[in-house]
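Given the coordinates of chain A, assemble chain S onto it according to the supplied hints.
Chains as they are written, first to last, in this note's numbering: chain A, 4 to 234; chain S, 4 to 234.
No lab work stands behind these hints: they were computed from the structure.
The hints are all genuine.
Identical copies carry no separate label here, and so any pair may be met within one copy or between two of them.
Listed below are the simulated SDA-like cross-link pairs for lysine to any residue, each with C-alpha atoms no more than 20 Å apart in a straight line:
1. K34 / E93
2. K180 / G92
3. K48 / T7
4. K151 / R135
5. K34 / G223
Number of protein chains: 2
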Amino acid sequence: MAITMYDLAGAEADRRFSPFCWRARMALAHKGLDVETVPWRFTEKDKLPKPNDGRVPVIIDDGRVVHDSTAIADYLEERYADRPSLFGGETGRALCRFVQNWTETVLQVGLIRLVVLDIHRHVGPADQEYFRSSRESRFGASLEEFVKDREARLPAFRTSLDPLRRTVERQDFLSGKNPGYADYIVFGAFQWARAISDFELLATDDPIAAWRGRMLDLFGGLARRAPAYGS
Amino acid sequence: MAITMYDLAGAEADRRFSPFCWRARMALAHKGLDVETVPWRFTEKDKLPKPNDGRVPVIIDDGRVVHDSTAIADYLEERYADRPSLFGGETGRALCRFVQNWTETVLQVGLIRLVVLDIHRHVGPADQEYFRSSRESRFGASLEEFVKDREARLPAFRTSLDPLRRTVERQDFLSGKNPGYADYIVFGAFQWARAISDFELLATDDPIAAWRGRMLDLFGGLARRAPAYGS
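Next up, chain A with everything else stripped away, as it sits in the complex (with noise of 0.2 Å):
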């Protein structure tokens, strides 16, 4: 029976631009797990399968829920250790949650401010009013505010992301020969960009879009065939 997972969806149902979601997709078909995703707004909280903390992804896998994306990496990794390893053992393990920091503390801080008003524009129509509110909340400024000058930021943005440059340029994938949770992580936070932006990140012949490309290649395109801007 195929793993559900709730995932977060925009005006389009199949518009899904969560980077914590696709951090999920990416370890299920890592793992050759079939799928099949429930599309989940921001105000649905009440939809959501118990337990959970008002967040996506959740997933149910056999009547089994998990929810939190570090967790579903864990419990994966656990359940499914006969298939390809997310983590490639314990030091693995402990290296990604330095990946997950800097991707949660310099990669999507700084994408933030390049892309909150198109995630705005894409999310559904019930859920911008809460989108705007709680944003404009945590950030103490409107959301056009908030983003207006990123062409001027770009350069900074790009030079705060020399360590993941540095590392893609010298091996296929953070993980090395073959892609892993770490690629899964940085990845999401471009695929969420991706989903709903068509600002340009990087350069084109940034070493870091290379590797976006061979990540947007894996399992069929799964991630290249999500409806999206861009390459």
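Below, chain S alone, put in the same frame as chain A:
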């Protein structure tokens, strides 16, 4: 027979302050190998065993010369495969590269702007002119100019350490329950600063300070015993 390691030294022969040499020193200890270090100064390029690229660390193990800290770690992992692993497998090794690239583009770049003048004070008399002119040419500024206002830059430096902070707040070491080469890479940068500067890089209640304390305790206090400032 003990391994010989050429190790960057200051005016005092036992003040060792190369971040790259500390990586190698900790990796040798991790493998439980005896080492005899040879103090070496920047301007003694003709005193290094060949092959070398004019820099340290360089090790000699049973007649074999290996230079460059990354090559040394790879060599030790293969040659002493029966001893505790530095990487915990190929994924761990690949993810170490990301930690290394973060260390070299964020941590060490931030540190040099805080402590480069302190380095100058500690290098040997014959090295001072070389050190000043090579660094001032690289930075396009005098050493004094380069570090001025370091107090004002300290908050941004500390914020730049968020990925490290969040990780070692939740697990003892970057590599998990036990330290590994990723820890030695990051620690090398802190030990470099600690060897030559009394500038307080970290607040006392910073989880990174607690992690650094755990690193200083390793291998019978190997790094703690070395001539340095602070705790």
